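Just so you know, the protein sequences line up as chains F and A, in that order.
Residue numbers for the first sequence follow my numbering, so the first one is 1 and each next one is one higher.
Residue numbers for the second sequence follow my numbering, so the first one is 468 and each next one is one higher.
Derived from the structure by calculation, the hints contain no laboratory data.
Hints should not be assumed to be uniformly reliable.
Said to hold, decoys possible - Derived, one-sided and incomplete: chain F residues facing chain A with beta-carbon distance under 10 Å:
#	residue
1	20
2	29
3	34
4	41
5	48
6	51
7	56
8	57
9	282
10	284
Treat the numbers as computed from the prediction; the structure is a model and nothing was measured.
Even glycine gets a Cβ: it sits at the ideal position worked out from N, Cα and C.
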Amino acid sequence: MQANLVNFIRVLRSHEMRVSPAETLDAFAVTAALGYADRDLLRDGLAMTLAKTAEEESIFLQCFERYFGHVPPDLSRTALPPAADRVMEAPDLEDDSATDPASTLRLAARDDAALRALLAKPVMRDLVTNDRTELSLAINRAAQSVGLRQIEVFTQKGQFTRRMLDALGEEHLRRAIIELERRDSPVLPLVQRYRDILREQVRDRVEREYLLQAAGKTRQFMDAILSQTRLNAIEHRYLHRVHDLVRKMARKLAARHSRRRRRVQRGQLDMARTLRGAMAHDGVLFNTCWRGVRRNRPQILALCDVSGSVAAYAKFLLLFLYSLQDVLPKVRSFAFSSHLGEVSRLFAENPVEKAIELAHRQYGGATDYGASLRDFATLAMRDIDRDTSVIILGDARNNRGDPRLDLLRDIHRRARRVIWLNPESRRAWGTGDSDMLRYQSACHFSAECNNLRQLERIVDQLLKSTG
Amino acid sequence: MHQQTLAQLASVERIEQGFESCGYICSRKIATAVFLAFQLRKPVLVEGPPGVGKTELANTTARLLDTPLIRLQCYEGLDEAKALYEWKYSKQLLYTQVLKEQLGDLLRGASGLAESVERLHRFGDIFYSEQFLEPRPLLKAMRQDGGAVLLIDEIDKSDYEFESLLLEILSDYQVSIPEIGTIKARTTPLVFLTSNNTRDISDALKRRCLHLYIPFPSAALEERIIRSRVPDVDGRLRRQLVAFVHGLRQLDLKKAPAISETIDWARSLLLLHADSLEEDMVRDTLNVLLKFEDDIESAGAQLRQLLGPSPPASGGR
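Excised from the complex, chain A in its bound form (with noise of 0.2 Å):
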């Protein structure tokens, strides 16, 4: 990677520094992670609830480099040639077309088939060659010059099989391709995945990662989130507001809140010009936080006890 990138990621520290500029604030070790990754050259594994940041992790880090973000979004039954390479077998046949009327003149005077085989390949593999590659996110991540951030998105979705295919990419940065040979990465791309844990990876894949784990933030880290993010609510409704979705995280929820609904919500209360929490108004902004009607008609019930605590709530008008 050129000078700049590498001034970038030069310590924890600058990692930090350039993510808050970037509008990502992080704890120290997700920065540490980065580092490390870029150092050891090995992709990192993040896990972690829905809406911590995961994937605006690989967002940010290619907007601090300025490289570009090669993203794979992982589903079950994701195949080679989806996510490595494909043969534009389009193309190859409308050359084949296009190219019959030489390969006449090529073969005319031969003498018997073996001739013509002969003839034939002596222009060896034309039609597998590079140009005819139709490169899919891994290879463009590998192709790519100056290097890349390669984001491969929801690994717990793909199949098992898949996993094995990205062995031979995420430790050794290459790509084998029978008809052409190995093609290994110019720049080291900076990788990572992302999991939700519907299912365990695999050992092997484990091995190759950094192992990063992002919970949901602590009140203070939130709260320079939420600053960062919705920077006209005012100090005293962004504790308050950060406050609540911390209660509300302590609840047995189906689904809890995370970072990106907090600032949802925070966005939607400004707009509502609100200045401090009333029992009302977030009884019916409530949805924009929680997803399940369960959710919403439980935490609906305890409102006044996570409310509580705040007397600023009613004192502030």
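Just chain F, same shape as in the assembly (with noise of 0.2 Å):
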């Protein structure tokens, strides 16, 4: 049992669920303390330990019920073959013993030595007395024997249960349905029947295996894979779960920066406080007050390049914005192409997907980052302070026309940060129309920014200056 518990708090982790060692041992507490006797009471025990958050809750509940809820189904009742009336000698009889196929089995293997050897296998009298712990046991031995556990695709799925069926040992039941074929036996599709289920059993094994570790592992390697191909090479389809990616990515980065912003240094001396503090000491100045000193806010300014030379990244770069904005206090989301427009609202009112459809919609067309800058700056230039952060999503390819540099060196100048993050890669800075290397002599940082995973990385470095 404990492995049990071990490898379903795996399976909960392949699930997205965090589980610390710590929680495994309370796991482990929780169950000596409440038996395995009471499966309800276990489940709600074991969801108290393991499950932190309400979802997680839900996750925990479809997952323990696959794991430890399947019941294995009553043999005496499947196994009777709906041709049992033919076999039977006399279907008339009420005697229980005459219509229940494991005697009729154990009847004709007395003058049978095939099949009597057949019924001394264990596999097979597990299935004829209706043994169902003894078969699921059996079926769990089997399983680990062939390493079950280490289900990834469901390609692998009929080899497994051939290797489970093979462990089993259900190459006599085969063997013995040859031969009895071959007779003519009576009592073959009753024999047939028992092999049915056998394999209805293993296949049901297996796949609820494949369920709770495979559903887990594939979305694991999915994300990995995700998070390191270069965004223009994602395909539509995978927009919502890299939706979900950047926003559980956001909400990380907000967590962890958040708390940095309601640190209060202390401040000044308050005296008025000191004072009327120091009343009740007679006048002695026992407590000091001091003033705190509560740190702005950090404001972010992020504006996005949604032309068509970057449009398979501003999709990406724009539901980034959106997760970014859907997280942190005071961000402002900015799209451009040949003008630019404030997209906040849009953002907040709409759901993503449409969100951006929009904004690529008013804003899209051939880039001019001139006319963007000063739309820009008439827009925004004066809510700009030592504690605005800029963030320029864009590949600075200006089609030839005027930079409008200084606008940029204004905003570098007012700004604590103008961060520039260009999609394409360093190398092509600077070639053919690109002004990215001009632009970025007024940027406190510029980077390469084409997967996720430099994303976050840039974030986190953006938010530890600015926190």
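Combine the two chains into a complex, taking the hints into account.
See the structure below:
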């Protein structure tokens, strides 16, 4: 059971639940305190130690049902083949033993050595005696011996089923069936039926394991791949998955950095409060009170290029902006190509897909960085102060127009930080109509950013320095 | 804890019965949480919508175990001095004033500053001893003989820093005071933390707690609660009013009515001598259940539908 619980916790982890070793120990303590007899009690108890949010609890319940919820079916009912009546010598007999396929088989085995040998096999014995516990234990043993836990992709299902059946000794049944067929024995359908039940059970077991193990693993694998793929290469249908990833990332970043903002530094002596406090102590300045210095929360202004040349990236950059605005206070988003406009409200009011589409429609076109910077300056220049970070997401390909570097210099002077994230690789900066090298001179920080991992790293740095 | 407490918490069933005898009808899950909290010596983090009996759970546990309930209400800016301990500054000051003479005697004859300080040192930290310590709820709970139930209410309203402060207390049941040393709990208190989920609790804190989510109760459970709290309401009305409240919870409301509101409503109906739900009376008493004007309006508009499926409402007179 211990191994079982550990394995269950591994399954939970693969379903994106964070379970620490300490919690694993707690889970063991829970099982020790509650025992295994009452399944619902155990489920509630484990849920309390392992699941920490309502969301995790629903994952937990789902996994628990899949993992421990399997009740082996009653073999004596399912085992009764539809054609049983035909096999029975005396179908009208009320006697239970006669209608029971097990006794029929035993009867037939009396003068059939091959059948007798078959009935002596452990797996057949479990099937015939309808010993469900023993059978599921045997199946679990087989699962362990073939390493069913390793299952990762659905194509392995057949292979594992086969190997488990072999481990269970299904070949005896198969051979017996061939033999019985040859002799055209009346008990043939019975034995066939038992074989089918066994196969069904094993297939179920493999399926359950697949759902448990592979679903989580596949997702982890996907996430790892997606975060390393160049953003423009990610297919549109993964947009939602990426959105989840980005959201998770943004949330993580926000959680890590929101605490820094709250820190209050000790500032000047607050004379009035100190004196008032001292009255209780006969005017002795016993306790000194200090005026706190509360840091202004950093403001982030983000500009995103949505023109044709970066269309594939823009989708994800907008996605990122959208998520950032969702989790951080004081983020204003702007979209631009030939002109620029604020999309903060658009983002706040619409669901992500719609918002991105709208931003594209309103601001898409040929790029003109000069005009866009001018628009930005009229819209937001006076809001830029020393607590403001300006992030520009774009390829700096200006169609040989006036870059208006003077405006960016202005922004550079007023803002705490100007950060330029360029989806093109550094080598391409400054080639053709790229003004990146010139703009770079007016940025505190510029970086190549074309996959989610880079994005995360950069934003982390950014928040560290603004926090 | 003493024998009696041990017996009260011996099994999940015992706890369930015990709670029921104290007038707190709970689901099995809640009883399991209390059982585990006691067995594993872990605090319980109770979450759920307002008014489902989170605080009441701690109250009832204290009543059941016949131990004092020590309550700490959290708010923004709550700090060590309010939650853990504080030095009794005035007392310290008063004593130094009173003992001035004594000090003079003590220091008389000492040659030079060095010797005076040396003499003072001999008296150690008299002014920073337990006599001058003002225990606040957390320390009180640690020092309570025979155990206590500690309720840290609405932890989500406190600051992050305060959560970190709780970590030592909740995992080792001890408090470190620099001037005195570590004070360990004489008897491990049963700790309940409640949260209304206005912000996420830090992982470190969550990891140390059992996590109990109390949802709105099922109709059957809520009926039992009403029966226990407002025993004079007759069975049919009770069924009707619970069904009505459950209907209300399905609506898109700013604040869905909680158990406490259902109880209040049952009491109001009793006062009005109602023996079945009638539209007019429900409309007049809706403000007991719903606390926002918008909610009352939107529920009022759908009142007939909500009352609809129970025909005995009109035929019961």
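Taking the hints in turn, this is what the structure says about them:
With 10 Å as the threshold, the beta carbon of residue 20 of chain F comes within range of chain A, its nearest partner Cβ sitting at about 6 Å, so the hint holds. A hinted interface residue such as residue 29 of chain F counts as satisfied when its beta carbon comes closer than 10 Å to some beta carbon of chain A; here the least separation is about 5 Å, so the hint holds. Nearest Cβ of chain A to the Cβ of residue 34 of chain F: about 7 Å, under the 10 Å cut. The hint holds. This hint holds: residue 41 of chain F has a C-beta 6 Å from the nearest C-beta of chain A, less than the 10 Å allowed.
Interface restraint check: residue 48 of chain F against chain A, minimum CB-CB distance 4 Å, threshold 10 Å, status holds. Because the beta carbon of residue 51 of chain F sits about 6 Å from the nearest beta carbon in chain A, less than 10 Å, this interface hint is met. Checking residue 56 of chain F against chain A: minimum C-beta separation of about 9 Å stays under 10 Å; hint holds. Among the interface hints, the one on residue 57 of chain F holds; its C-beta lies about 6 Å from the nearest C-beta in chain A, closer than the 10 Å criterion.
Against a cut-off of 10 Å between C-beta atoms, the interface hint on residue 282 of chain F holds, since the closest Cβ of chain A lies about 7 Å away. A least Cβ separation of about 6 Å between residue 284 of chain F and chain A falls short of the 10 Å threshold, and the interface hint therefore holds.
Violated hints are absent here; each numbered hint is respected by the structure.
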